[in-house]
Amino acid sequence: MKKIILLLFISAQLVFVSAQSYQINLQLSSFSEGDFAPFIFSNDLSGAPRIFAVTISPEEGDVKVRGEIFWKKDDNSGFDWLMTFRTRVFTARSFFNTDLGNAIPLGRGESDNNLIDENRRRGRPSGQYRLDIYLLDQNDQQLAFDTKTYEFSNPAQTLSINLPQAGSMENIGGVHAEWTELTGIQYYEIKANVRENSSQSLEEALNSGSPIIDNVSVGIINSVDLRTILSREWTPGQEIVFRVAALPIGGSTSNMIQSNIVNFYLDDPANPFQDATSENINQLLQALLDGLGNELLDRLLNGNLLITEISWEETGISLTPQEIQELLNYLRQHPDNILNIQQD
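First residue of the sequence shown: 15, per the numbering used here; consecutive thereafter.
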């Protein structure tokens, strides 16, 4: 009779444990993109910094946890399943994600490798991520549930042209263009055109007539020799304007990121000094308002004045073409530094 009573007591205790009410609470930590990236890109639950904390109460009995992560890439899509992780049986306790795979053993997990790769190509977490946490008993029956969503509000990236520099003189045989490298880009494209006269704005020149480079895609590299993608040959002495645009992954051509427009000049192998220098001085004088500057400009434009040399007055030493271009580029950008212009 005592054995029967003891068995009944043990059975009643097991029923009580399995029937008790559990609660699970999920809290997301304050973290950066750099903290979250290892968690998503490599499914590294314990290697990432503390991303989330899970509180389980009461902290008794054997339980398991299943976590599912979903990703919403943009406002035009829904949440897509990204990955699932599972723990093995452990005594109910509160934990951080850094405890998973360490103090709390992990079981089998799955992930959508295509979506993981898409996240990786973007270079950083973006959009919204939802984490669903299920508290389960040993038989995978749900005991409690919680969910949280985190949104990354990534600031707009800036695309800038590094080379060639504005107003520079470039070798007609090849012009190396280089721009800032952005993350999460599907491809870059180049547009270039000839600026026929200085009365055109750079944007007007870029969009006029038939471009010499008409939105040519160069992939995800951030540099190219512009001459290799010309639709037609350029000629010595021309002023070229160009711009780079970048298409974000998942974006459309209507929201491409555009760079500044940069202008440069093509050298003339037959007369590299005169053509380049005259063009730069023309632009410099156009920036000046004094009457003498206008007179010099008229004479240059009419062909009544030729520039054959520029030298320092005190030493008589002639400037090299490269030194002249650098000086003129500086003065054109800082005309207030010119105190006086006079003719001998």
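The reader is advised that the hints may include incorrect statements.
Said to hold, decoys possible - Okay, the calculated beta carbon distance ranges per label pair:
| no. | residue 1 | residue 2 | range |
| --- | --- | --- | --- |
| 1 | 174 | 152 | 12 to 22 Å |
| 2 | 187 | 211 | 20 to 30 Å |
| 3 | 174 | 154 | 49 to 59 Å |
| 4 | 166 | 249 | 40 to 50 Å |
Don't read these hints as lab results, they were simulated from the structure. In this text, a Cβ means the ideal position worked out from N, Cα and C, and glycines have one as well.
Cross-check of the supplied hints:
1. Range check, residue 174 to residue 152: about 58 Å between beta-carbon atoms, so the 12 to 22 Å window is missed.
2. Remark: the range hint 20 to 30 Å for residue 187 to residue 211 is upheld by a beta-carbon distance near 25 Å.
3. A hinted range of 49 to 59 Å for the beta carbons of residue 174 and residue 154 is consistent with their spacing of about 54 Å.
4. Take residue 166 and residue 249: their Cβ atoms lie about 48 Å apart, and the range 40 to 50 Å holds.
In summary, the one numbered hint that this structure violates is 1.
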